[in-house]
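> Top line first, the protein sequences correspond to chains Y and D.
Under my numbering, the first residue of the first sequence carries the number 41, and numbering increases by one thereafter.
Under my numbering, the first residue of the second sequence carries the number 12, and numbering increases by one thereafter.
Zero decoy hints are in this set.
Cut-off 20 Å, straight-line C-alpha distance, at most; resulting in silico cross-link-like pairs (EDC-like, lysine to aspartate or glutamate):
hint: 1; chain 1: Y; residue 1: K150; chain 2: D; residue 2: D310
hint: 2; chain 1: Y; residue 1: K62; chain 2: D; residue 2: E295
hint: 3; chain 1: Y; residue 1: K214; chain 2: Y; residue 2: E249
hint: 4; chain 1: Y; residue 1: K267; chain 2: Y; residue 2: E223
hint: 5; chain 1: D; residue 1: K395; chain 2: D; residue 2: D358
hint: 6; chain 1: Y; residue 1: K214; chain 2: D; residue 2: E372
hint: 7; chain 1: D; residue 1: K314; chain 2: D; residue 2: E324
hint: 8; chain 1: D; residue 1: K387; chain 2: D; residue 2: E487
hint: 9; chain 1: D; residue 1: K387; chain 2: D; residue 2: D358
hint: 10; chain 1: Y; residue 1: K150; chain 2: D; residue 2: E300
hint: 11; chain 1: Y; residue 1: K190; chain 2: Y; residue 2: E180
hint: 12; chain 1: Y; residue 1: K150; chain 2: Y; residue 2: E66
hint: 13; chain 1: D; residue 1: K469; chain 2: D; residue 2: D411
hint: 14; chain 1: D; residue 1: K387; chain 2: Y; residue 2: D229
hint: 15; chain 1: Y; residue 1: K150; chain 2: Y; residue 2: E68
hint: 16; chain 1: D; residue 1: K314; chain 2: Y; residue 2: E151
hint: 17; chain 1: Y; residue 1: K267; chain 2: Y; residue 2: E207
hint: 18; chain 1: Y; residue 1: K150; chain 2: D; residue 2: E295
hint: 19; chain 1: Y; residue 1: K247; chain 2: Y; residue 2: E193
hint: 20; chain 1: Y; residue 1: K150; chain 2: D; residue 2: D299
hint: 21; chain 1: D; residue 1: K387; chain 2: D; residue 2: D325
hint: 22; chain 1: Y; residue 1: K150; chain 2: D; residue 2: D315
hint: 23; chain 1: Y; residue 1: K199; chain 2: Y; residue 2: E185
hint: 24; chain 1: D; residue 1: K151; chain 2: D; residue 2: E139
Since the hints were derived computationally from the structure, they do not count as laboratory data.
Here is what each chain is made of, one letter per residue.
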Amino acid sequence: MCGVGTRILTVEDDERIRQAVKLALEDEGWDVDEADTGEVALDRFRENTSDVVLIDIMLPGMDGFEVCRSIRRSSDVPIIMVTARDDTHDVVAGLEAGADDYLTKPFAPKELSARIRALLRRSRNPEGASMERILVGDLEISPDEGLVLKGGEELHLTKTEFKLLVELASQPGKVFSREVLLERVWGYDYFGDGRLVDVHVRRLRTKVEPDPASPRYVVTSRGLGYKLQP
Amino acid sequence: MRELPHLGLRARITLIYTLGALLIASTVAYSGFALVRRELLADTEASAEAQMWRNAASIRRSLGNQSDEAIELALIPLEDRPETDESTLDIQSLLNELLKPNNALELLVLRDQARSSSALQIRNIPDELEELVLSGEGGKIRFRQSGQPRYASGVFIAQLDAQYYEVVNLQPLQETLDRLRNILIGVAIVASGAGAALGYSSSRRALQPVAEVSSAAQAIAAGDFGTRLDNTVDPDLAPLTSSFNEMVGALEARIERDERFASDVSHELRSPLMTLAASIGVLEHRRDELSTPAQQAVDLLGKDLRRFTRLVEDLLEISRMDAGAVEADLSPVFLAEFLRFAVQQTDAPDVPVRFLPEDEELVILADKRRMAQVIKNLVSNATKYGGGATSVSFLRNSIDTVHIYVDDNGPGIAPEDRARVFERFARAGADAGRRDIAKGVGLGLSLVSEHLRLQGGKIWVTDRENGRPGARFVIEMSLFDPEELDEEFAE
Chain Y
41 MCGVGTRILT VEDDERIRQA VKLALEDEGW DVDEADTGEV ALDRFRENTS DVVLIDIMLP
101 GMDGFEVCRS IRRSSDVPII MVTARDDTHD VVAGLEAGAD DYLTKPFAPK ELSARIRALL
161 RRSRNPEGAS MERILVGDLE ISPDEGLVLK GGEELHLTKT EFKLLVELAS QPGKVFSREV
221 LLERVWGYDY FGDGRLVDVH VRRLRTKVEP DPASPRYVVT SRGLGYKLQP
Chain D
12 MRELPHLGLR ARITLIYTLG ALLIASTVAY SGFALVRREL LADTEASAEA QMWRNAASIR
72 RSLGNQSDEA IELALIPLED RPETDESTLD IQSLLNELLK PNNALELLVL RDQARSSSAL
132 QIRNIPDELE ELVLSGEGGK IRFRQSGQPR YASGVFIAQL DAQYYEVVNL QPLQETLDRL
192 RNILIGVAIV ASGAGAALGY SSSRRALQPV AEVSSAAQAI AAGDFGTRLD NTVDPDLAPL
252 TSSFNEMVGA LEARIERDER FASDVSHELR SPLMTLAASI GVLEHRRDEL STPAQQAVDL
312 LGKDLRRFTR LVEDLLEISR MDAGAVEADL SPVFLAEFLR FAVQQTDAPD VPVRFLPEDE
372 ELVILADKRR MAQVIKNLVS NATKYGGGAT SVSFLRNSID TVHIYVDDNG PGIAPEDRAR
432 VFERFARAGA DAGRRDIAKG VGLGLSLVSE HLRLQGGKIW VTDRENGRPG ARFVIEMSLF
492 DPEELDEEFA E
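The task is simple: from the sequences and hints, build the whole structure.
Written as structure tokens, this is what we have:
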């Protein structure tokens with residue numbers, strides 16, 4: 041159970057939306073912190089460690105992307121971006137800024153809580169049987185400890201990047217379609233957004249690849265998906 | 012009468028330059044040639060005639076004071092004369108010694124005997140000239156003999172009662188003139204070619220601004236509104252450049268305004284909808300705590316809120332499409348698997364998906380979100396207006412295309428309305444026995460056709476097969492060629 045004691049920070053400048061979302065989240069049994077600007081959000085985040093952060097992109101002053109990047113510099117807390125439009129630009133920019141997932145307004149509270157639960161699951165240690173340590177090239181992945189070493193040095197991956205890497209490493213050489221990765225990492229059904237996978241793969245590459253421009257580990261396979269090159 | 016094919020501006024300019032060059036070059040060549048020919052002929056003839064006069068005078072001087080006997084004797088060839096004769100006067104020698112530039116041939120007729128240092132005979136002299144000479148006047152004539160041009164002049168030497176002629180062969184001159192003519196024709200051809208090349212290159216240069224405007228217009232039509240023409244100092248082109256740039260600037264500003272409007276409307280409408288959606292969510296979550304009438308009210312609210320949300324989303328989607336700012340997010344999609352998932356998301360999740368067993372693995376290139384909305388809208392359209400969808404199916408249509416069919420059970424759509432159902436808020440008169448689209452079909456089908464257009468697909472509507480009642484919506488999509496995968500997704 042991941043309800044009790046879970047803190048969620050919502051950053052939203054529209055007071056009525058903030059209230060309605062707070063109501064809906066509290067209805068799920070979660071504690072909710074609120075912030076109406078990016079600056080306030082960063083203060084709140086420092087005061088009270090949150091388990092999930094919900095950031096609206098359109099904020100007065102410091103925008104949602106900047107808030108996301110600031111939090112990312114010091115924390116791997118799961119972040120959900122809220123956009124008013126599902127344009128490629130906003131979505132990809134949000135994911136590039138470090139968001140784990142996104143939602144388009146207006147969304148149903150059910151949808152939001154499902155996304156939050158998926159992220160919380162990812163934050164806990166992987167469920168199910170413990171997995172063997174995996175060695176690929178100079179990468180050493182320890183799923184149970186949530187640790188990735190590259191040439192003996194620890195890499196700082198977000199929970200989502202880590203989960204993505206572990207999924208790919210569970211069967212090195214096997215091609216995982218975007219749909220499968222969306223389902224296993226994000227908990228989406230078939231119609232999840234493939235851009236989530238693409239952007240996270242790109243970010244993962246900047247951390248694990250010797251040369252992200254010509255990937256050696258996480259390779260694209262014939263356009264249908266990704267695989268971890270053994 | 013058949014019209015000439017319409018030539019392009021550039022072809023016309025090139026043609027005019029070519030014809031102009033040809034005209035000038037041939038005029039200059041022809042007149043130059045004519046002038047040279049006349050001068051050369053006149054020179055040659057004048058010098059030939061003068062020489063003839065000098066030679067005639069020389070003959071008169073040599074024979075004029077001789078006695079008749081001496082002349083008679085001189086006519087006899089040296090070798091035929093008696094050895095006793097000591098006279099040295101000899102006509103043949105006299106003729107041999109005459110100066111004859113231009114290779115002229117001479118003929119002297121004296122005492123009815125013709126003498127020449129060459130094979131020239133009296134019959135070689137044109138009768139006209141002979142008559143002129145016999146009449147006592149000098150004469151000259153141009154004529155042809157053995158196919159060659161010749162010039163003959165003659166004079167009557169009264170003192171001797173003799174006729175003297177000289178004939179010049181003009182053939183060498185003619186050959187020189189022929190060579191000159193050939194050279195001038197060559198020059199005219201080269202000049203015309205140079206004219207054509209000049210016309211081509213200058214028309215190219217002259218039309219360069221037009222080509223630039225055209226490629227700029229193409230870039231703008233393709234959505235690159237930042238395109239501008241380079242500023243120019245050319246006074247002839249500056250007005251075009253500046254008015255074109257102003258026009259594009261105005262267009263860009265206007266499109267930006269429209270886009271901003273769509274995005275402002277989006278934000279303005281989505282914010283209250285967001286509050287409503289979150290609040291209704293709480294109410295729905297706590298539905299069990301409500302009284303029965305309140306439950307019914309919440310159900311109604313929830314349903315219509317979703318409908319309203321969908322309508323707003325459709326409107327925003329279509330206004331974004333109008334702004335031209337959207338692109339499909341294409342990826343390879345297994346069609347059979349996709350349709351099974353997509354149908355589950357529709358109003359009628361139980362509608363069967365049919366296809367041939369060998370087509371299970373067909374792959375199309377599609378934007379899954381847009382394609383799912385297409386299927387959703389078509390099935391919902393069939394449910395609302397077409398008596399319910401009966402099946403969603405697909406069939407390979409050709410080596411590289413596939414047809415996806417959505418069949419319904421309704422009365423079908425009249426042929427004259429078939430194109431119009433894809434218009435926005437389409438309305439048409441009802442046709443007996445056919446579906447009445449006068450009620451309007453909203454934005455659903457126009458959005459469908461826009462979504463498909465973005466993915467390179469097409470849609471139309473026909474009757475169902477084998478005379479079954481109902482309408483069949485046919486979507487045509489290109490099959491995905493796995494060979495293209497690496498190019499499309501190379502990173």
